[in-house]
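**Q** Since the structure of chain X is already known, use the hints to place chain L on it.
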Amino acid sequence: MAETLQNLALGFGVALAPGVLLYAFVGCLVGTLVGVLPGVGPLAGISLLLPATFGLDATRAIVLLAGIYYGAMYGGSTTSILMRIPGEAASVMTCIDGYEMARRGRAGAALAIAAVGSFVAGTLSVVALMLLAPPLANFALRLGPPENFALLLLGLLVLAYMSGGSMLKSLAMASLGLMLGMVGIDPMSGYFRFAFGVVELGDGIGVVPLAVGLFGIAEVLVTAGKPTPPLVQQPRLRELLPSREEWRQSVGPIGRGTLLGFLIGIIPGSAHIISSFVSYAVERRLSRRPEEFGRGAVAGVAGPESANNAATSGAFVPMLALGVPSGPIPAVMLAALMVHGVSPGPLLIQQAPALFWGFIASMYVGNLMLLILNLPLVGLFVNVLRVPYGFLYPAIVVFCVLGVYAVNGSMVDVWIAVTMGVLGWLLRMLQFETAPIVLGAILAPLLEMSLRQSLAMSDGHYGIFVTRPLTATLLAVGVLLLLLGLRASIARGLDWRGRLALAEKGDQS
Amino acid sequence: MSRFASIVLVLAACLAGPAGGALAQEPFPSRPITLVAPFPPGGVADLTARPVAAALERTLKNPVGVVNKTGAAGAVGMQFVATSKPDGYTLLLALSSISIIPEADKLFGRPPAFTVDQFAPIALISADPTILVVRTESPWKTAKEFIEDASKKPGQISYSSSGIYGTLHMAMELLSHAAGIKLRHVPHSGAGPALTALLGGHVDALASGPAVVLPHIKSGKLRALAGWGESRVAALPEVPTFKELGYPGAEFYIWAGVFAPKGTPEPVLARLREGLRAAVADPEFKAAMDKLETPIAFKQGEDFARFFAADAKRLSDGVRMVGKIEEKK
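Heads up: the sequence lines are chains X and L, in that order. Per our numbering: the first sequence = residues 1 to 509. Per our numbering: the second sequence = residues 1001 to 1329.
Chain X extracted, bound-state conformation:
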């Protein structure tokens, strides 16, 4: 412990040097901006700035890039809450309850809770990263394809809790998402599936065009189709801050979101996105008033926003301790280290202590900076709602298209987003929720890859899922959860879902 403190002191010495501090700030600022812009997420932001870091030293480069990564998680909530457009894919869940809060005049409160939740999660998870990185990284290595498969299967169960109302509609949407996730080159045999000769579809349907289309563009279409335009909101200053009651409701979700996010972040894949979905489902399951979710539940903002921030720290665990990437974003950051002649690997902590501890310390500093940066911005951003829709919505469409195009420089992505926008509009008109489509499309390729890798490992024997203790345990938990869910709905006859459906019927009549 004393050693850790000593190392941390070394780290703060590095991180508080004016040069490094400046780059941490620039990273956080750019991160917030790419987070706010629809579609442009941390991966696009980091890729854009990667070449610019080649002229810096390794510490500054990595501090800058990490700032973009976790900064984007702060910024991503802004447009989700104000306009129901995910600033980046991990903010899809925030769109649902955050936007509902905004519609009830609580936009400021939602933004403030998202910022504070992100701060708490960011800071606590850096503590965990600092103390637990090496043992956790070795544990993460033991998660092979069969374990990933079991974990992702648990993620699929989460789908059932994703949305209110009709379970049937929810599952139909999830299936649609899973099917969309099957488009692209078959990972095990190289066949093109459902690509219709379009080379660009070889990589499948991207999460960004899908999410921006289903949420952003669809929302614009839905609003435009209303007979009377919605009233322009006039947020007042004293309504900006969350009430005592709202704070009370967010403490638990922030804590759980942090823990969940960090643990899921360690697992390879698009962890920050999945963590926000899981956190939302957990909060809904634990809530005493699950029917409030989807109608502006504070926990539905606090949980996912904390989880996606904690997941970014979790993702650094295998990267820093072992030099192996846990996803596309850490992979780009590893490349940045290599460009500077730092060979990332198990020896990094010993060979470059100033870099490692400087990086850790800069994350404490960066999270504080982001809080200070974002809280005053709440007042500014909320004023976006004052803009008349006739001006605001065309601008939103422009930003959606630009954001989607910027990710891969591909027009095919733009067409996907537009198609998904129209599809999303149709589905919204028919009272379907679109979030399960996004989760399904994210999970499908991961689930398929891990299942087929497992079977390749075992030469086609399904026994691999029960002979590995960790896999068997995870699958058993899944079965247990499923049975518990079934029992509850059989025993009580009507769970919250049923009550909600009844309440909705009451609303309509």
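Some hints could be false.
[Said to hold, decoys possible] In silico SDA-like pairs for lysine to any residue, Cα to Cα no more than 20 angstroms straight-line:
1) L/K1243 to L/R1232
2) L/K1144 to L/E1238
3) L/K1291 to X/Q351
4) L/K1324 to X/Q351
5) L/K1291 to X/H340
6) L/K1221 to X/P134
7) L/K1299 to L/G1088
8) L/K1218 to X/M188
9) L/K1182 to X/S458
10) L/K1221 to X/P135
11) L/K1324 to X/F194
12) L/K1106 to X/P134
13) L/K1291 to X/P353
14) L/K1106 to X/M188
The set of hints was computed from the structure by calculation and includes no laboratory data.
**A** Same frame as chain X, but now just chain L:
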């Protein structure tokens, strides 16, 4: 930021296109050149393309921008350059996959996204042999033990790769063919996850570029058994090559080279070759490649054409050897 700059460059190049045609006699280069990296930032192609572009910019005294045009394992970017105007202003930084993709398309009987003869090779920048690594606690101390054990239990020793028909997959298939062994292939989504799978004990072996596994060899987690190169890897002088061990068929390089679309006028190609030759001698370029631990292996003209042809033959043989993965009966 430089990506925006490069997008601007491309736009500028497009606008200038028709005008350039009218003035056929203008000296080359007189407007910005675009170097397309068909893979995302941070990958081998991108990390090689950036120092190449920077050095070429200095030697040609003309702006050179890198554009990442990614998708479908590189096919999108390669197709883009293959169908670009052959004027020397759109170049491609390609990896070995340039020979693999058309062959795989042929295998599946689908219209190819592009073919190798749509390109004019300009110069080879780097060529790094893959090396065979296993975990330190594995029973195989030498490549000979590994191959003997594999021939005793066909299809039981597993290896990870960066993806089906990917470079790391091809290297292993060439070895399997040369040594007459059968290994079990577990594809992963990239070289990073493939290495993670080996470190975590989920597969037994991996063919990998030297730079990424060196830290793990140094820390004692992995053991290098042999290399696919014509000669030994400088950083691992005690590790033999498969050629030395009597398997000359197991030759494979992860290489990066610069190509132009076919039909680019010879004077333009000559100017580019000259520019690239000066660029690889540039001290800043050398320093950048050193940091990546990627040895420069410059070849141009006939030399590169011969290397490229031999490599393409090895790879297309490899793809055909793997064949189409059919459903198990």
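**Q** Each hint: holds or not?
**A** Here's how the hints hold up against the structure:
{"no.": "1", "hint": "L/K1243 to L/R1232", "result": "holds (10 angstroms)"}
{"no.": "2", "hint": "L/K1144 to L/E1238", "result": "holds (15 angstroms)"}
{"no.": "3", "hint": "L/K1291 to X/Q351", "result": "holds (16 angstroms)"}
{"no.": "4", "hint": "L/K1324 to X/Q351", "result": "violated (46 angstroms)"}
{"no.": "5", "hint": "L/K1291 to X/H340", "result": "holds (6 angstroms)"}
{"no.": "6", "hint": "L/K1221 to X/P134", "result": "holds (14 angstroms)"}
{"no.": "7", "hint": "L/K1299 to L/G1088", "result": "holds (19 angstroms)"}
{"no.": "8", "hint": "L/K1218 to X/M188", "result": "violated (32 angstroms)"}
{"no.": "9", "hint": "L/K1182 to X/S458", "result": "holds (15 angstroms)"}
{"no.": "10", "hint": "L/K1221 to X/P135", "result": "holds (15 angstroms)"}
{"no.": "11", "hint": "L/K1324 to X/F194", "result": "holds (18 angstroms)"}
{"no.": "12", "hint": "L/K1106 to X/P134", "result": "violated (46 angstroms)"}
{"no.": "13", "hint": "L/K1291 to X/P353", "result": "holds (19 angstroms)"}
{"no.": "14", "hint": "L/K1106 to X/M188", "result": "holds (18 angstroms)"}
In summary, the structure is inconsistent with hints 4, 8, 12 from the numbered list given earlier, while agreeing with the others.
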